[in-house]
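K.L.:
In my numbering, each residue's number is its place in the sequence shown (first place is 1) plus 6.
A few of these clues could be false.
Said to hold, decoys possible - In silico EDC-like links for lysine to aspartate or glutamate, alpha-carbon gap of 16 Å or less:
1. Lys113 <-> Glu160
2. Lys230 <-> Asp257
3. Lys141 <-> Glu207
4. Lys141 <-> Asp206
5. Lys120 <-> Glu103
6. Lys120 <-> Glu160
7. Lys230 <-> Glu207
8. Lys141 <-> Glu103
9. Lys230 <-> Glu249
Hints were generated in silico from the structure; no laboratory data involved.
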Amino acid sequence: MSSVMVEANDLMKTFGTVRALDGLSLRIEQGTIFGLLGPNGAGKTTAINVFTTLERPDAGQVRVAGYDVTRDAAQVRGVIGVTGQFAALDDNLTGLENLVLFGRLMKLGRQQAKARARELLERFDLVEAGARRTKTYSGGMRRRLDLAASLTREPTVLFLDEPTTGLDPHSRIALWDMVRELRDNGITVLLTTQYLAEADELADRIAVIDHGRVVAEGTAGELKQRAGGSVCHITLPDNATRERVARELADLGEVTVLPDGVSLPAAGPETLVAVVRRLDEATATTLSDVDIEDIGLRRPTLEDVFLRLTGQGAHPETAEVAT
């Protein structure tokens, strides 16, 4: 079997007048975590839907584990697992009953489905909660159960569409550990996310897509290098203030407005000194009412890469974790 587990070539998908995918191409190697980043409407979920046979492409070709998603849809479904943006669980069933239901839908025998359900509950530390209705579960427990359900048939390729949306930091980190374990056990994972720290932490390779096509691909380190060297970052309280400070510093370099402040390329400490002097002068006149929370030099983050490539900010929650 080829080491390439997901391969898309010139993928096109249109909904009415909206072109969701516009020549999307990518290759995902076996036993890796591949991160797919992009702003809202970039085509991430549409791509997942095509890869998992939920949507048919208008043009182009996709192969998953060697199978064509259009001609060999049944075979593709037999080797994949999918966790969508929202947990696909029945709130009135217990955790065990939900997993047994998934097993039966996947044509496992009654006893085999029960045995697999108990195995998954133990694997995801849900044994004690297995007898409770899922409507009593926390958000983190629901996502773990949903991920467990996607592993009922022991997939070769696992698709995770923004799996940690809405989770608290503790639950998110716990889910990260589970995803790493799956990768270490040989499962290929395609992860879509708007949490840049998540992609930075998990993904072996990352593709940034915008308007339905890949605009950059590489490791997190390679993508960060595209944003240049160090930056001078000024932390500011609100967007109006950020815009005012950006205008004040415009002649010192290319200023980027971020969710938590502004940044500009830094040649070294001398850039920091120049910025501090300029802001010191401005706070005595044009920026007298501005509260500068912090200022300093730092290396580029995926947030910087994302903004440069797409011209849009990432998910609101990434401002805290991405820096």
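K.L.:
Each hint: holds or not?
P.N.:
For each hint, the structure was consulted:
no.: 1; hint: Lys113 <-> Glu160; verdict: 13 Å, holds
no.: 2; hint: Lys230 <-> Asp257; verdict: 24 Å, violated
no.: 3; hint: Lys141 <-> Glu207; verdict: 31 Å, violated
no.: 4; hint: Lys141 <-> Asp206; verdict: 32 Å, violated
no.: 5; hint: Lys120 <-> Glu103; verdict: 9 Å, holds
no.: 6; hint: Lys120 <-> Glu160; verdict: 15 Å, holds
no.: 7; hint: Lys230 <-> Glu207; verdict: 13 Å, holds
no.: 8; hint: Lys141 <-> Glu103; verdict: 13 Å, holds
no.: 9; hint: Lys230 <-> Glu249; verdict: 24 Å, violated
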